[in-house]
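As given, the protein sequences belong to chains A and B, one line each in that order.
Using UniProt numbering, the letters of the first sequence map in sequence onto residues 1 to 724.
Using UniProt numbering, the letters of the second sequence map in sequence onto residues 1 to 724.
Mixed in with the good hints there might be a few duds.
Computed list of lysine-lysine pairs in DSBU-like fashion (alpha-carbon distance at most 35 Å, straight line) [claimed, not checked]:
1) B:K680 / A:K310
2) B:K169 / A:K205
3) B:K680 / A:K359
4) B:K214 / A:K214
5) B:K310 / A:K169
6) A:K535 / A:K258
7) A:K359 / B:K169
8) A:K169 / B:K214
9) B:K680 / A:K308
10) A:K169 / B:K359
11) A:K235 / A:K205
12) B:K680 / A:K205
13) A:K442 / B:K169
These stretches of chain B come out as covered by chain A in the derived footprint (C-beta under 8 Å, 3 or more residues) [as the list claims (entries may be wrong)]:
14) 188-200
15) 321-333
Think of the hints as simulated: they come from the structure by calculation, not from any bench.
Ideal Cβ positions, reconstructed from N, Cα and C, are used throughout, including at glycine.
There are 2 protein chains.
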Amino acid sequence: MDFSSFLTSLATSFVIFVALMLVFTWLSRKPGNHVVYFPSRILRGLDPLEGGPLSRSPLAWIRAAFAASEADIVAAAGVDTAVYLIFLSSVLGIFVMSGIILLPVLLPIAATDNSFKTAFDTNSNATFNNLDKLAMGNVHAGSSRLWAFLLANYWVSFVTFYVLWQAYKHVSDLRATARSSPAVRPEDYAVLVRDIPTDPQGQSKKEQVDSYFKALHPDSFCKSMVITDNKQANKIWEELEGYKKKLAHAEVVYTESKTTSKPEGTRPTNRIGFLGLIGAKVDTIDHCNEKINELATKLEIEQKEADKDKQQNAALVFFSNRPAAVSASQTLHAQMVDTWTVTEAPEPRQLIWENLTKKVYERQIRQYAVYGIVFLTVVFYMVPIAAVSAFTTLENLKRYLPFLKSVVDIKAVKTVLEAYLPQLALIVFLALLPALLMFLSKAEGIPSQGHVIRAASGKYFYFIVFNVFLGVTVGGTLYTSMKTIANKPKSAVNLLADSLPQNATFFVTYVALQFFVGYGLELSRLVPLIIFHLKKKFLCKTEAEVKAAWAPGDFGFATRVPKDMLIMLVVFCYSVISPIIIPFGVVYFGLGWLIARNQALDVYVPSFESYGRMWPHMHSRIVAALIIFQVLMFGYLGLKKFVYAPLMIPLIVISFVFSYACNSRFYRSFLNTPLEVAFKDTKEIPNLDSVYAAYIPPSLKPEKTENADHLEEGHTNVSKTETV
Amino acid sequence: MDFSSFLTSLATSFVIFVALMLVFTWLSRKPGNHVVYFPSRILRGLDPLEGGPLSRSPLAWIRAAFAASEADIVAAAGVDTAVYLIFLSSVLGIFVMSGIILLPVLLPIAATDNSFKTAFDTNSNATFNNLDKLAMGNVHAGSSRLWAFLLANYWVSFVTFYVLWQAYKHVSDLRATARSSPAVRPEDYAVLVRDIPTDPQGQSKKEQVDSYFKALHPDSFCKSMVITDNKQANKIWEELEGYKKKLAHAEVVYTESKTTSKPEGTRPTNRIGFLGLIGAKVDTIDHCNEKINELATKLEIEQKEADKDKQQNAALVFFSNRPAAVSASQTLHAQMVDTWTVTEAPEPRQLIWENLTKKVYERQIRQYAVYGIVFLTVVFYMVPIAAVSAFTTLENLKRYLPFLKSVVDIKAVKTVLEAYLPQLALIVFLALLPALLMFLSKAEGIPSQGHVIRAASGKYFYFIVFNVFLGVTVGGTLYTSMKTIANKPKSAVNLLADSLPQNATFFVTYVALQFFVGYGLELSRLVPLIIFHLKKKFLCKTEAEVKAAWAPGDFGFATRVPKDMLIMLVVFCYSVISPIIIPFGVVYFGLGWLIARNQALDVYVPSFESYGRMWPHMHSRIVAALIIFQVLMFGYLGLKKFVYAPLMIPLIVISFVFSYACNSRFYRSFLNTPLEVAFKDTKEIPNLDSVYAAYIPPSLKPEKTENADHLEEGHTNVSKTETV
């Protein structure tokens with residue numbers, strides 16, 4: 001890519017961004033769109049536009065985003081979102097502080113040397129452009145100017161250490177503060193017990209759990225809930241809910257028909273066969289009512305049966321106070337370590353019920369199997385795609401689907417198909433990848449949604465780094481030179497370092513595209529807007545259906561974080577080789593931070609709260625990116641025949657030590673709740689009924705609450721202990 | 001080594017063994033030697049010879065050793081010794097069960113083939129002897145007879161899995177039973193708190209610890225003991241004890257002198273200068289009395305000062321009940337993970353006071369530094385020894401110590417020196433190695449003696465495996481072919497497998513020597529006997545001095561276990577290649593088990609109790625030996641051009657899975673006390689004064705007990721909670 005096409009691409013992206021911003025400003029002021037642009041505010045019962053539409057100047061959202069304090073963010077979108085913003089601002093901070101030194105120092109040093117000119121004058125000018133002149137590639141091999149580049153690595157690294165240490169401390173405090181707030185959170189009073197052994201005395205699981213925990217926690221044990229096999233109940237409940245929705249829909253249609261066509265109205269009808277296409281025609285309202293009654297009875301029977309006969313080997317155990325639950329969750333209970341596994345309970349809405357009952361060895365086998373599959377997917381993902389691509393050609397299409405021949409032969413269609421058919425498999429695969437990774441992470445047997453998302457995000461990160469970063473950088477060369485690398489692992493670093501500078505411009509364009517077009521779309525919410533209006537016009541009849549149509553969803557950290565990580569990795573790796581990338585990184589993370597704040601305040605609603613459990617994950621990936629950068633720079637300095645290149649080695653060692661120190665200082669308080677935190681501000685005795693009720697799955701709700709009378713004992717028991 | 005010299009060596013060893021056995025039978029019946037042969041019984045107040053000397057037939061000890069139940073062993077020598085016996089009997093069981101199948105099957109298969117005859121007939125007969133004919137080396141390459149040897153690996157492995165699984169379960173139960181006994185053990189009521197942060201409010205450490213733990217454990221916190229810097233107090237105390245002993249000695253000497261020389265007696269005198277050689281002559285009794293008074297006052301002052309001004313950043317915290325202490329020791333306390341590190345308290349006699357106050361990062365740095373030193377020691381230990389050997393030649397001796405010339409030139413002395421001087425460095429190094437490893441393990445900052453011994457034993461195991469086993473097997477070839485190995489790691493396995501069979505006879509002789517001579521010496525206790533009689537005759541005057549002279553010591557697991565491990569590794573590795581080694585292994589572990597039982601019942605007194613914490617360590621090393629064996633067999637079968645050799649790979653995988661499964665089932669209950677165990681049989685409320693007093697170091701004893709009045713509050717507090 002030469003310089004002019006780079007500028008063209010940049011300008012185009014910028015124009016699109018400005019256009020999308022204008023669209024956003026215009027559309028977000030229309031009251032009919034408020035549910036798309038301010039769903040979070042509306043759900044929290046706030047006025048979408050503070051001070052009325054007139055005060056909403058085009059840049060008001062920027063002011064609002066800046067003005068919000070961290071406490072506002074936590075209140076609006078939870079600690080996880082606040083931590084995501086800290087991640088963005090930390091990376092932003094690293095790049096700003098790196099840029100302040102690197103840009104004014106390294107650019108002149110590179111520009112005033114002329115390695116490219118001398119080297120390429122005789123060959124061709126094609127690979128030499130103005131951007132490359134500002135990069136490290138322009139410095140002569142073995143030149144003492146390389147000292148500046150070596151020291152730049154130290155500067156970038158130490159800036160990173162400083163920022164990350166501060167950020168980890170900040171997040172740790174944020175987490176502690178949030179966790180020690182006096183609000184009653186059900187998960188603070190519960191522990192998850194898995195791998196309950198078969199009872200030799202033939203007690204029911206419920207009795208077994210109760211007697212076991214009552215014996216070991218005589219003062220603080222309150223009540224238990226044995227996990228039951230709810231598959232059947234869930235199925236009935238979902239069917240029931242479906243009919244309830246259908247009934248509401250049909251009733252609205254009937255009421256409307258009274259006003260539009262004839263005064264007595266047309267009763268809606270439907271067919272009860274496959275997909276409503278075949279079978280007998282019935283009156284929808286009558287049919288639904290009938291079904292609802294029938295299913296409600298069935299559900300009640302099933303609920304009773306589940307509670308009695310379908311008890312599984314896992315349970316939730318409730319304690320009368322926070323410290324007792326924290327302490328229990330961290331204490332080994334059984335002599336046989338693979339029984340009575342006790343862990344902190346996830347939030348009720350995070351629980352993945354079907355994973356709770358998986359046995360300990362099953363979980364381990366699943367985990368390793370999933371790791372194997374992910375490894376194969378990451379490394380060999382091109383193989384099946386190439387195979388499918390070889391099949392999905394225009395010729396095959398014509399041969400196997402002859403009826404399409406006339407359509408395909410139209411010239412315009414043919415051109416498009418020829419361009420996109422080979423990539424179809426790739427596009428489909430990339431679109432399905434996040435779902436596949438979520439599925440795989442869930443299949444590991446992880447009990448909480450938040451953990452699944454972290455696991456999926458980790459897998460996606462590996463995929464992106466391996467395939468996008470390494471794929472683009474080394475490109476085809478890597479595969480052909482696999483043999484050389486296998487014999488001489490050191491040459492891989494050299495190969496990578498060698499091909500790095502050639503791709504700087506590509507990545508600068510990539511980063512710019514990401515923030516201009518990506519953020520433009522993110523802020524303007526064009527896709528959700530169009531979908532909402534289509535749904536509203538053609539599908540939704542009831543209030544609930546409209547609400548479901550504008551449901552904002554959450555941030556989607558599983559894919560969002562790895563994408564940011566890729567940009568971060570790219571900017572890190574080029575920060576010294578081609579410092580001109582730094583401003584683009586700054587804009588990416590600056591703009592990202594601003595827009596994410598806006599979305600946190602106005603749009604997205606978190607689907608769960610893990611109190612920043614994502615942070616150690618982010619932290620270690622930033623450090624990993626830093627180390628990749630340092631290793632590449634070590635290789636590249638070596639290629640430049642700089643004899644002091646080994647001075648990079650202590651820096652790499654320091655990075656590992658830093659990572660280790662951070663872990664040993666902070667990590668365990670993310671893994672387990674410290675007793676200190678659990679003890680803070682827990683004066684009031686919670687309503688343990690509501691704690692218990694929070695964990696009842698919706699399909700079992702009416703039945704299980706009847707059991708709540710047991711709680712009274714537990715409760716009084718507690719107050720007795722506490723008054724001692 | 002040819003067959004006849006092998007038999008000669010075996011016969012010699014056996015004769016020595018029989019002679020030592022006779023010596024033992026004869027000497028152990030003399031009442032004057034009872035303190036050497038039955039110290040453990042005497043210390044426990046039992047009659048040394050049950051049923052009087054006449055009933056003590058030469059083989060009575062064998063009957064007694066067999067008759068003792070596991071409970072007797074635990075009562076006599078603790079759980080650790082019982083676990084060591086389980087280790088011996090498990091390995092014995094593995095070898096017996098392996099031998100039952102391997103000997104009758106593999107020996108005929110090997111003997112009836114004749115690879116050696118055809119291969120070596122043309123060359124020489126030197127390396128071919130009758131033992132080799134019974135080994136796998138005698139089977140033709142690629143022969144289908146190798147199937148039997150392949151399957152033998154599976155048999156040995158599955159026997160090992162079975163025996164180890166049973167043993168782990170047994171040890172785990174033994175540990176749980178011992179730990180849940182109603183006896184009050186101080187360490188069950190205490191936790192060790194390290195890394196106490198600097199208090200911002202300027203409280204004393206004691207106040208800080210008390211307020212922190214009172215807040216987090218309001219019901220169960222009882223009392224704390226802040227670790228003080230006792231260096232000064234210890235020094236004074238030791239000096240004081242020394243003078244006390246000296247005084248007692250001098251008084252006995254004085255009393256004796258009254259009966260022997262003149263009726264008024266000779267008052268003993270000594271010089272107070274360097275080593276008692278120079279300086280003024282004083283009356284010993286007066287001098288000691290004077291010093292004792294002086295030091296007692298000094299100690300009292302120092303004790304007060306230590307308690308006030310020398311409080312360190314570590315403490316022992318006492319709880320009113322076992323489960324509370326267990327729970328606290330496993331719960332994360334502080335938000336900053338590197339502060340308030342809480343762990344289970346070691347036994348009072350295991351505490352290494354000077355390590356308690358080491359900070360968390362210091363401990364980690366020390367640990368890695370020690371690992372580095374050990375790695376270098378294991379791999380390069382020959383380098384300094386070779387250097388020293390090059391220096392300690394006869395010529396150098398004569399040159400630098402010319403006054404020895406006349407002595408050295410005597411022919412007999414010269415011969416001896418020429419033989420032993422070059423090996424002097426090696427002998428000294430090997431003698432000092434266990435002490436060096438203990439020192440290094442202690443330097444890691446480990447707070448408990450038992451843990452230090454495990455760590456030292458692990459290091460010694462690496463040393464022995466690397467240097468003795470690999471050293472002998474591969475010998476010089478390994479060092480010369482280092483380059484080949486670096487390029488082709490696979491060839492290391494081949495090289496090793498290739499040189500294995502040649503050394504079978506050497507190792508058979510080694511094993512036989514170990515059990516005949518080693519066990520003979522162990523049982524006859526000739527060295528301790530001689531030392532005791534010499535001391536008694538020339539040095540000991542007081543009762544206490546005599547008692548110290550026959551103090552039996554403990555088993556010395558730090559060196560004993562790795563030595564057994566080496567034999568085990570050798571027998572494992574040769575079990576299929578040369579099954580004739582199995583009977584020798586059986587005798588080694590059988591005899592070892594029998595003698596260890598005798599020593600446990602009659603001789604050794606354990607210096608601490610860790611309730612079988614050594615077992616996971618032993619278990620994982622047995623599995624490691626098994627895997628080394630499997631890998632070597634894989635290589636050797638490959639060398640034998642057996643195309644089904646890859647069938648060994650699943651076996652290796654199974655071994656890893658087995659190891660992993662054992663760990664996840666049992667290990668954590670060795671690391672932490674399960675709540676279940678802590679709750680068993682703790683009806684009585686312990687006397688917490690004695691628990692506290694048990695932890696007071698001897699040098700601080702009189703002072704600290706004064707503090708015990710605080711305990712009363714804690715105590716009553718407890719009973720209140722328990723009655724709720």
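Hints, one by one, checked against the model:
Restraint check: the Cα-Cα separation between K680 of chain B and K310 of chain A comes to about 31 Å, which is no more than 35 Å; the hinted pair holds. This hinted pair checks out: K169 of chain B and K205 of chain A have alpha carbons roughly 25 Å apart, not beyond 35 Å. Proposed proximity of K680 of chain B and K359 of chain A is supported: the alpha carbons are some 27 Å apart, at most 35 Å. Between the alpha carbons of K214 of chain B and K214 of chain A the distance comes to roughly 24 Å, so the proposed pair stays at or under 35 Å and holds.
A threshold of 35 Å between alpha carbons decides the hint, and for K310 of chain B with K169 of chain A the separation of about 31 Å falls inside it, so the pair holds. Our distance criterion of 35 Å between C-alpha atoms is met by K535 of chain A and K258 of chain A, whose separation comes to about 23 Å. A distance of roughly 20 Å separates the Cα atoms of K359 of chain A and K169 of chain B; the hinted pair therefore holds under the 35 Å criterion. Of the supplied pair hints, the one linking K169 of chain A and K214 of chain B holds, its CA atoms being roughly 27 Å apart against a limit of 35 Å.
Between K680 of chain B and K308 of chain A the CA atoms are separated by roughly 31 Å; this keeps the pair inside 35 Å, and the hint holds. Between the alpha carbons of K169 of chain A and K359 of chain B the distance comes to roughly 20 Å, so the proposed pair stays at or under 35 Å and holds. At most 35 Å may separate the alpha-carbon atoms for a hinted pair to count; K235 of chain A and K205 of chain A meet this at roughly 24 Å. Between K680 of chain B and K205 of chain A, the direct Cα distance comes to roughly 22 Å. Compliance with the 35 Å bound is thereby established for this hinted pair.
At most 35 Å may separate the alpha-carbon atoms for a hinted pair to count; K442 of chain A and K169 of chain B meet this at roughly 33 Å. Check result for the segment 188-200 of chain B against chain A: violated, 0 residues qualifying (beta carbon to beta carbon below 8 Å, three or more required). Closer than 8 Å: that is the beta-carbon criterion, and the segment 321-333 of chain B has 8 residues meeting it against chain A, so the requirement of 3 holds.
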